[in-house]
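Protein chains: 2
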Amino acid sequence: MLPGTIQVIPIHGMAEIQPGDSIVAAVLGAAQAAQLAICSGDVLVLKHKIIAKSEGRIVRLAEIKPSARARSWAARWKRDARLIELALQNAGRVVRMSKGVLITQTPHGFVCANSGIDVSNVDGGTSAVLLPVDADASARRIMAGLRRKLKLHIPVIIADSFGRPWREGLVEAAIGVAGLKPLRDLRGRRDQHGYTLHATAEAVADELASLAGLACGKFERVPACIVRGFCYQPGRGSVSQLLRPPERDLFR
Amino acid sequence: MLPGTIQVIPIHGMAEIQPGDSIVAAVLGAAQAAQLAICSGDVLVLKHKIIAKSEGRIVRLAEIKPSARARSWAARWKRDARLIELALQNAGRVVRMSKGVLITQTPHGFVCANSGIDVSNVDGGTSAVLLPVDADASARRIMAGLRRKLKLHIPVIIADSFGRPWREGLVEAAIGVAGLKPLRDLRGRRDQHGYTLHATAEAVADELASLAGLACGKFERVPACIVRGFCYQPGRGSVSQLLRPPERDLFR
Chain A
1 MLPGTIQVIP
11 IHGMAEIQPG
21 DSIVAAVLGA
31 AQAAQLAICS
41 GDVLVLKHKI
51 IAKSEGRIVR
61 LAEIKPSARA
71 RSWAARWKRD
81 ARLIELALQN
91 AGRVVRMSKG
101 VLITQTPHGF
111 VCANSGIDVS
121 NVDGGTSAVL
131 LPVDADASAR
141 RIMAGLRRKL
151 KLHIPVIIAD
161 SFGRPWREGL
171 VEAAIGVAGL
181 KPLRDLRGRR
191 DQHGYTLHAT
201 AEAVADELAS
211 LAGLACGKFE
221 RVPACIVRGF
231 CYQPGRGSVS
241 QLLRPPERDL
251 FR
Chain B
1 MLPGTIQVIP
11 IHGMAEIQPG
21 DSIVAAVLGA
31 AQAAQLAICS
41 GDVLVLKHKI
51 IAKSEGRIVR
61 LAEIKPSARA
71 RSWAARWKRD
81 ARLIELALQN
91 AGRVVRMSKG
101 VLITQTPHGF
111 VCANSGIDVS
121 NVDGGTSAVL
131 LPVDADASAR
141 RIMAGLRRKL
151 KLHIPVIIAD
161 SFGRPWREGL
171 VEAAIGVAGL
181 KPLRDLRGRR
191 DQHGYTLHAT
201 AEAVADELAS
211 LAGLACGKFE
221 RVPACIVRGF
231 CYQPGRGSVS
241 QLLRPPERDL
251 FR
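Quick mapping for you: the protein sequence lines, in order, are chains A and B.
Going by the numbering used here, the first sequence opens with residue 1, and the numbers climb by one from there.
Going by the numbering used here, the second sequence opens with residue 1, and the numbers climb by one from there.
I should point out that these hints are in silico values taken from the structure, not numbers from a laboratory.
Note that the Cβ used here is the ideal one computed from N, Cα and C, for glycine as well.
Treat the hints loosely; a few may be bogus.
Derived DEER-like restraints, expressed as beta-carbon distance ranges [to be verified]:
1. B:Arg221 with A:Asp134: 38 to 44 Å
2. A:Arg187 with B:Arg147: 38 to 44 Å
3. B:Arg96 with A:Asp134: 54 to 60 Å
4. A:Arg71 with B:Gly41: 46 to 52 Å
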């Protein structure tokens with residue numbers, strides 16, 4: 001292996017997660033079955049949906065009574081009124097509601113479509129999965145569980161796929177972080193030409209989350225991967241460090 | 001190596017690129033010196049700055065005469081008026097110019113800070129690097145050069161670090177693509193529960209670009225990496241497929 005090589009190792013064979021299931025047990029069981037030894041220096045990246053499922057964040061759409069607002073907007077844009085209702089109920093604030101697209105800011109502070117609510121990879125379209133209540137806390141719990149079982153510090157990133165202004169396609173981004181600094185802050189450091197960097201902090205937690213997009217895919221029932229060889233900066237970490245304060249944001 | 005593992009291999013030891021230098025020669029020379037054999041299935045991810053340098057897209061700041069607009073705004077926000085002037089000259093349109101941040105849409109269609117112009121990693125602060133004129137064409141040329149030398153199809157991604165609304169930190173994104181489909185379009189496919197996906201296309205070219213952020217860093221003079229083991233969809237590819245048409249965008 002050449003120096004500096006990063007490996008992204010998908011964890012195959014994980015069982016479908018049900019409410020109450022242990023993510024740590026599912027990850028370690030599948031890793032063991034695949035003869036994948038989790039090592040010091042590894043980072044665990046998890047798709048958020050298994051976390052949400054394990055935490056029981058599943059809602060049956062038949063139980064949702066859409067408001068008049070949700071019904072009329074959904075009818076106009078051929079959307080599912082129950083899903084729109086659920087997204088509005090779970091929004092801290094509506095950012096845009098136009099052209100058939102509902103962008104909200106969630107109580108966590110994420111700006112995303114439909115408050116992060118999704119019906120794919122749940123049960124065929126009759127239920128929706130909400131975001132975890134506090135994905136940082138979920139990541140910390142999983143990290144603590146790994147430490148108990150493995151006696152290792154394994155940082156955990158919880159990833160969800162987000163759309164972006166101006167660009168097509170979704171990319172995975174971090175919604176929960178534990179055990180590493182989500183930003184690699186380069187401000188004040190000098191480049192090799194002696195120039196001092198001013199505005200450069202790199203969102204490494206989001207770049208790590210992106211690896212789940214490449215290595216896990218949407219269909220292969222691979223909701224987790226191990227990143228090996230990335231020289232992370234240890235720290236408590238929190239996704240809140242990745243959220244721009246409103247007063248510094250130009251696109252509210 | 002476990003099935004599905006992706007490797008990101010930084011290419012160390014590349015010489016500093018000068019105007020007119022061949023990127024293909026620099027990459028292949030460094031790869032050979034590092035005993036890194038580029039293989040079928042590999043994707044080459046390049047930081048844009050070496051492309052821009054090889055194409056002579058370097059401007060001496062001393063030669064820039066800032067307009068009154070650039071001077072007054074730069075003075076107010078303690079910015080370099082020459083850099084602001086250059087960014088305005090290279091902007092197709094100003095998207096935001098507020099709170100010390102200048103966001104423009106470049107003639108390529110990218111929405112980014114300072115028209116993508118950067119003074120880090122150039123010559124210590126006296127010169128700036130502009131974006132390549134047409135990074136898709138640059139990527140195609142490099143891919144064609146690799147095909148001539150190696151007799152292999154090696155897709156090429158050219159990456160630059162972009163800020164984002166709502167989130168802190170930069171992430172690498174694709175500004176030029178050749179040889180693969182930048183979007184993995186999953187619309188119409190069914191998940192394992194039989195649910196048909198509606199809105200899911202994944203911006204894999206941007207996720208591949210992110211790997212350069214993790215594997216190359218800003219200081220290690222590693223402007224290129226090889227991604228091995230990612231099952232890309234071959235295609236002509238173009239970054240234009242990643243740019244959302246204005247009529248579908250809610251954040252212009």
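Structure-based check of all given hints:
Distance hint check for Arg221 (chain B) and Asp134 (chain A): the Cβ-Cβ separation is about 40 Å, which falls inside the suggested range of 38 to 44 Å. Take Arg187 (chain A) and Arg147 (chain B): their Cβ atoms lie about 41 Å apart, and the range 38 to 44 Å holds. Checked against the given bound of 54 to 60 Å, the beta carbons of Arg96 (chain B) and Asp134 (chain A), roughly 32 Å apart, lie outside it. One distance hint, 46 to 52 Å for the beta-carbon pair Arg71 (chain A) and Gly41 (chain B), holds here, with the actual separation near 50 Å.
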